[in-house]
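A.B. asks: Take these sequences, add in the hints, and give me the full structure.
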Amino acid sequence: MLKTTPLNAVHRALGARMVDFGGWDMPVNYGSQIEEHHAVRRAAGMFDVSHMLAIDLVGAGARDFLRRALANNVDKLKLPGRALYSCMLNDAGGVVDDLIAYFFTDQSFRLVVNAGRAEVDLDWLDALRRRVGAAAEIAPRRDLALIAVQGPQARERVWQALPETCAATKTLPPFHSAQVGDWMVARTGYTGEDGFELVFPSARAVALWNAFIDIGVRPCGLGARDTLRLEAGMNLWGQDMDESVSPLDAGLAWTVDLAGARDFIGKGALLAHAQIRQMSGLMLAEKGGVLRRAQKVATAQGEGVITSGTYAPTLERSIALARLPLGVATGSPVEVAIRDRQLAAMVVQLPFVRHGKVLVTTMEEKS
Amino acid sequence: MKTPEHLKYTETHEWVAAEADGTLTVGITDHAQEVLGDIVFLELPSAGKRYGQGEACAVIESVKAASDIYMPVAGTVLAANDDLVGSPQKVNADAYAAWLFRIKPDNARDADKLMNAAAYSTHAAK
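Chains as they are written, first to last, in the working numbering: chain F, 1 to 367; chain E, 1001 to 1126.
If you're looking for bench data, these hints aren't it; they were derived computationally from the structure. As the structure is a computational prediction, the values presented were derived from the model and not from experiment. Check the hints yourself; a few may be wrong.
To be verified - Derived lysine-lysine pairs resembling DSSO-like cross-links, with alpha carbons at most 30 Å apart:
1. E:K1049 <-> F:K287
2. F:K287 <-> E:K1104
3. F:K78 <-> F:K170
4. E:K1090 <-> F:K357
C.D. replies: Encoded structure:
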């Protein structure tokens, strides 16, 4: 029996194609995934991400607990509402999950974690809480719905549908959140566009979704969410990293605080095992297929592998994230094995697209 | 899901139209395009190549996944719809207008053994 979000019937009524996504019955698209992708790059789209779990950490030991549990440093969170992207590592330095931590007060934080990892994360956090004797309560918030509204017009649309949130969020900087009653409005997302993620009581989900539709916010499925995040150069847990992969090898060194004195779970393993791979962006240079996960990449430094690949609607060509040997420079030509052929691709700087603009240079433009 | 009455169908979601001159025109069904989602790449067979029944002879890639297209009956490729390669989204727009290739079947009667519209509808709904 698949789990459902409060918007399940709404998705079905809209004619969504539904799929089993980590045990959840979720919309992959409502027609054309490419049109949904463009709506987010050019105007505003919304995603039901209520399958993701908000976990509240409350208590005198909440901050100290997260200082141990997260690879990124929660001490960067000084202003209430500030958000931080972080990996949660196991003792071997592998990635248990990646998440966003929101800081409310020193006694109150919220983590938003991946749907498919929620139960594992809760078990892990609870075991860790006992292990370190933290004075913090771990409260999963299955009573909350999550809707991400993303795109250049997203914030305007949120203020139009929810005028009561406007005052608190009008000047909210990126990666900050505001509390409005029992709602959280965060200027975060997974698309490379501006926008808000709304976390609020489930009973309000259907009315809000319909209000957004009425003002032209396009419903978008997990298909568009994947092409948008890939263009934005963002990792997906389970593809680009997992419990057996070090964040250093997954392009996430910028989120790992190895220099400080703070001792976090997994730090010892990361210090003992140097980085051996690098995460790079690839762009297919010729027609002949689509870059996909698990395809092998031949480089001058040795073989690598694609961890996520797709057709990128904004670039109108195929792109990928690949785990490559160290030292493969941006601009290097590589070859990717697709079916029975070796196709030419190029290593490019991440991200591919940001705020509607293509940031990578194609080979044709270069020559 | 559209399943025109005058076509024949395979279990692997190809449609087959019997032309007056005895050749067969092949495409993928409306159901198949819907499951695949936005189609972004096509690799079609070359004219003159012969394939057995059920043999992979073309590739179709959507944003989501790559799929093989299978030869509905044994035969020789007469022509491929090369115009489609530059605009593969036409398969999504109208799967029955966007033919992929034409074949000359080894045996004229082989296509008769494929599923009719009613049988295919039942098969696709599974």
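A.B. asks: Run every hint past the structure and note whether it holds.
C.D. replies: Hints, one by one, checked against the model:
1. Between K1049 (chain E) and K287 (chain F) the alpha-carbon distance is near 22 Å, which keeps this suggested pair within the 30 Å criterion.
2. A hinted pair counts as satisfied when its Cα atoms are at most 30 Å apart, and K287 (chain F) with K1104 (chain E) qualifies at roughly 29 Å.
3. Under the criterion of a C-alpha separation no larger than 30 Å, the hint pairing K78 (chain F) with K170 (chain F) is consistent with the structure, at around 20 Å.
4. Between K1090 (chain E) and K357 (chain F) the CA atoms are separated by roughly 27 Å; this keeps the pair inside 30 Å, and the hint holds.
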